[in-house]
Amino acid sequence: MTTTTLAVLVPLLPFLGAAAGLLLGRSAPGFVRPLAILPTLAALVLAVLVAARQGGGRAVDAVTELTPTGSVPVELALHVDGFAALVAVLVGTVATCVQLYSTGYLRDDPRYPSYAALVSLFTSAMFLVVYSGDLMVLLVGWEVMGICSYFLVGHYWETPEARAASLKAFLVTKLGDVPFLIGLLALATEAGSFRITKVLGAVASGSLDHPTLIALLLLAGVAGKSAQFPLHTWLPDAMAGPTPVSALIHAATMVAAGVYFVARLLPLFEASRAAMVVLAVMAAVTMVGSALAALAQDDIKRVLAYSTIGQLGYMTGALATGDRGAAVFHLLTHGAFKALLFLAAGVIIHAAGTNSLAAMSRMRGLRDRVPDAFWTMTVALLALAAIPPFSGFFSKESVLGAAEHVATGHTEHAPGAAGWTVLVAGLITALLTAAYATRLWLLAFRGQGAEAPDHGRQPLVMNAVLWVLALPSLALGGLAFRLLPDWFDGHDLTPTLTTSVLGTGVALVGGIVTYAAWRHTTALAVRTPLGAVAAHPEGDAALVEAEAIASHRPAYGDLASAPDPSDPGRLLLGPVHPHAAAGFHLDAVYTTLFVRPVRAGASLVRFLDREVVDTYVRAAGALPRLLGAAVRSAQTGNVQTYVSALLAGTVVLAVAAVLVATGA
Amino acid sequence: MHLAYPAVLSALLFCTGLYGVLARRNAILVLMSVELMLNAVNLNLVAFDVWLSRAAEETLHSGQALTLFTIAIAAAEIGIGLAIVLAVHRNRGTSDIDRLRDTAEGHEPDGPDTDTPATGTAAEKAEATA
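Protein chains in written order, with the numbering used here: chain A, 1 to 664; chain B, 1 to 130.
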C-alpha cells in the first residue's frame with residue numbers, strides 16, 4: 001500500500017469502529033470491547049508505518065476533489081509532514097492506551113458502548129485534524145472533536161456538575177470557534193484556496209492583505225480549543241468527565257490541536273508581529289495564572305487540568321517565539337506524561353475513594369495500595385517539573401532555549417519582546433510547576449493519619465497502561481531531542497546551558513520550598529479532620545469517581561478548594577490562595593460580563609413575547625368571541641322572532657332597492 | 001276583470017298569513033297561516049299570468065303551470081308539517097310555539113358556554129389593550 005492509502009486509513013478505521021460500536025452496542029455487547037480497541041490499535045500501527053515511511057523527509061501531499069463547491073474549492077487533501085506524522089503517532093498511542101484503560105475503568109458502566117464509540121469517533125476526528133491538508137476538512141475534524149468532548153464530559157450526566165461542565169465546555173469553545181471560522185473564510189478568500197500548502201505559498205509571496213486580522217481571528221479559536229487565557233475556564237470544569245476522557249481529550253490530544261494548528265500555519269502568524277506579541281502575552285498570562293491556580297486546587301484532577309493549561313501555555317509561548325519544533329516537541333512529551341498523570345490519578349481516585357487532596361493527605365499508606373500508580377506518577381511528575389533526565393526537561397528547555405534565542409535578538413521572525421515575555425513567564429512557571437507537582441506528590445502519597453482503605457487490586461490492564469506510558473515520560477525527551485530536528489524545521493532542540501541551569505534551578509527551588517512548607521504545615525492535619533470517601537468503594541472506578549466529584553461540594557463547600565490549614569499551597573500562596581482557588585474569579589467576571597446580560601436580555605425577550613406580542617394575539621382571538629357572544633344573545637329559540645327579523649330585513653332591503661331604482 | 005282586484009285580494013291574504021305566522025301561538029294555526037301566504041302567491045301567479053298572456057301572441061301559461069306545482073308541494077309540505085306538529089305534541093304534550101325553544105342560546109348545559117369565564121377575562125384584556 002502507498003503511504004497515502006495508509007494515511008487515509010488512519011482516520012477511517014476508528015471512524016468505522018465508532019459507527020459499528022454505536023450500531024452494535026446494544027445488540028451485540030460482546031463485540032464492543034474489540035470494536036473499541038482494535039481499530040484504534042490498527043490506526044496506531046498504520047500511523048507508525050506512515051511516520052516510518054515519511055521519515056521526516058518531504059511532505060506527503062495527496063488531494064482529490066469530490067465535487068465542485070463554489071468559488072473556493074474544498075478538497076479532500078492530505079498533508080503529512082514530520083509534525084503530522086509524529087503527532088499522529090502520539091494520538092494513536094494515547095488513544096490506544098486510553099481505550100485499554102477504559103475497559104478496566106468503566107468495566108461495569110452501563111453506558112460503556114456509547115462511551116467507547118465516542119472515544120473512537122474523537123480519535124478519528126483528531127487524526128483527521130492532524131493529517132488534513134485542507135482547512136475546511138480540518139475544521140470538520142475540529143468541530144467533531146468539540147462535540148465528542150461535550151458528550152464525554154457529560155458522561156456522568158446524572159450529576160449537575162457534569163451537565164454544567166459539558167455545556168460550559170461546548171459554549172466556551174464555540175465562542176472561539178465562531179471567529180475561527182470567520183478567520184478561515186477570510187484566509188481562504190485572500191489566499192484563494194483552503195489548501196494548507198497553497199495558503200503557505202500565498203503567505204510566502206506576501207499576497208495576504210490582512211494577515212494581522214486573520215491571525216487574531218484564528219487565535220480566538222486556538223485559545224478556545226487549547227484552553228488559553230481568556231477562554232481557558234472550561235478546562236478545569238471539564239474534569240467532571242471520566243478520567244480516561246480527561247487524559248485523552250483534555251490533556252494529550254484535543255487541547256493540543258490548537259497548538260498544532262498554529263504550528264502548521266506558523267508562517268501566517270509570523271507575517272504579523274502583532275499576532276506574535278498577542279500570542280506571547282496570552283501564553284505568559286496563561287502559564288503563570290494557571291500555575292498559581294494549580295497550586296491552590298484541592299481536586300487532584302483540577303490540579304492536573306490547570307497544569308495542562310500551563311503546559312499548553314509553554315507550547316504557545318514556543319510558537320510566539322517562532323519555534324514550532326520546540327512547541328511540537330513539548331506537545332509530544334507533554335501528551336505522554338500528562339496522559340500518564342491523569343490515568344494514574346484515576347487509579348488513585350479509585351483506591352482512595354476520593355478526589356480531594358486534603359482527604360488523601362489524611363490517609364497513611366496510599367502509595368502501598370497502588371504501587372504502580374505511585375511509581376509511574378512519580379516519573380510523570382518529575383517530567384512535568386522538568387527535572388533532568390525526564391522527557392519534560394528536554395522539551396521545556398527547548399522552549400526556554402527558543403525564547404532566550406529570540407530575546408537575545410538572534411532571529412528576525414519574532415519580536416524580542418515576545419522572547420523576553422515568554423522567557424520570564426516560563427521561568428516563573430517552572431518554579432510554580434515544580435511547587436504544585438511537589439505538593440500533589442506529597443499530599444497524595446505522604447499522607448498521615450488513618451490507614452488508606454483497601455479496595456483490592458486495581459485491574460491489571462489499568463496498571464499495564466501506566467507502565468506503557470511511563471516509558472516515553474521517562475525517555476522520550478532524552479532520546480528524541482537529537483532526532484527530532486530532522487523531522488521538524490531543523491532548529492536545534494538541544495538544551496542550552498544557561499536556560500537549563502536556570503530552569504532546573506528554579507524547579508529545584510520550587511520543589512524544596514514546597515517540601516519545607518509541607519513539613520511546616522503537615523502537623524496541622526491531625527487537628528482538622530477532613531475527608532469524605534465514596535459511598536460505593538467496591539464499585540468500578542468510574543462510579544467511585546462520579547461519586548467523588550458529586551460529593552466534593554457538599555463535603556468541602558466548594559468544587560475547587562477545601563478548608564484545609566495543612567495544605568502547603570495555602571502557606572505558599574498566602575492571601576492569594578482564595579483567589580487562585582477560584583481561578584482568579586474569571587468565572588465571576590464572565591458571569592457579570594456575559595451571563596447576566598444574556599439572562600437579562602432573555603427575560604426582556606420573554607416579557608416582550610408574553611406580555612406584548614401575545615396580547616395582540618389574544619385580542620385577535622377575543623374580539624370575535626365578544627361579537628359572537630353579542631350575536632348569540634339574539635338567539636332566543638322563538639321561531640316567530642326570527643321570522644319577524646327576517647321580515648324587517650326584507651322590508652328594509654325592498655325599500656332600499658326601490659329608493660335605488662328610483663334614484664332618490 | 002281588472003288586475004287590481006286579485007292583486008289586492010292576494011296582498012290581503014298574504015298579510016293575514018303573515019300576521020298569523022308572526023302572532024299565533026298554536027303551531028297548527030301557524031301552518032295554516034303559511035298556507036294562506038302560499039295561496040296568496042298562487043293567486044298572484046294565476047292573475048298575472050292571465051294579465052300577461054292577454055298581450056302576448058303566444059303563451060305557455062307558465063304561471064298557471066307553476067301554480068299547480070306549488071299546490072302539490074304545499075300539500076306535501078303541510079303533510080310533513082302536520083306530522084311534525086303531531087310528533088311534538090305527543091312528546092311534549094303541547095304545540096305552543098312559545099314553549100318550543102330548544103334551539104335557544106344557553107338552553108343546553110353542555111353547550112359552548114363552558115369557556116364563558118375565559119371569554120370574560122379575555123374580553124377585559126382586549127378592552128385594556130385597545
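Some hints here could point you the wrong way.
Pairwise CB distance ranges (calculated) [to be verified]:
(1) B/Met32 with A/Ala661: 47 to 57 Å
(2) B/Ile84 with A/Thr636: 39 to 49 Å
(3) B/Arg90 with A/Thr641: 53 to 63 Å
(4) A/Thr615 with B/Asp102: 15 to 25 Å
(5) A/Thr615 with B/Gly93: 45 to 55 Å
(6) A/Thr615 with B/Met32: 22 to 32 Å
To give an idea of the interface, some chain A residues facing chain B are shown, with a C-beta separation under 10 Å as derived from the structure [what the hints assert, rightly or not]:
(7) Leu175
(8) Gly449
(9) Arg632
(10) Ser644
These are calculated hints, taken from the structure and not from any lab test.
Because the structure is a prediction, the values reported are computed rather than measured.
Think of the CB as a built atom: it goes at the ideal place given N, C-alpha and C, for glycine as much as any other residue.
The hints, checked one at a time:
| no. | hint | result |
| --- | --- | --- |
| 1 | B/Met32 with A/Ala661: 47 to 57 Å | violated (35 Å) |
| 2 | B/Ile84 with A/Thr636: 39 to 49 Å | violated (20 Å) |
| 3 | B/Arg90 with A/Thr641: 53 to 63 Å | violated (26 Å) |
| 4 | A/Thr615 with B/Asp102: 15 to 25 Å | violated (39 Å) |
| 5 | A/Thr615 with B/Gly93: 45 to 55 Å | holds (53 Å) |
| 6 | A/Thr615 with B/Met32: 22 to 32 Å | violated (57 Å) |
| 7 | Leu175 | violated (40 Å) |
| 8 | Gly449 | violated (67 Å) |
| 9 | Arg632 | holds (5 Å) |
| 10 | Ser644 | holds (6 Å) |
In this structure, the earlier hints numbered 1, 2, 3, 4, 6, 7 and 8 are contradicted, and the remaining ones agree with it.
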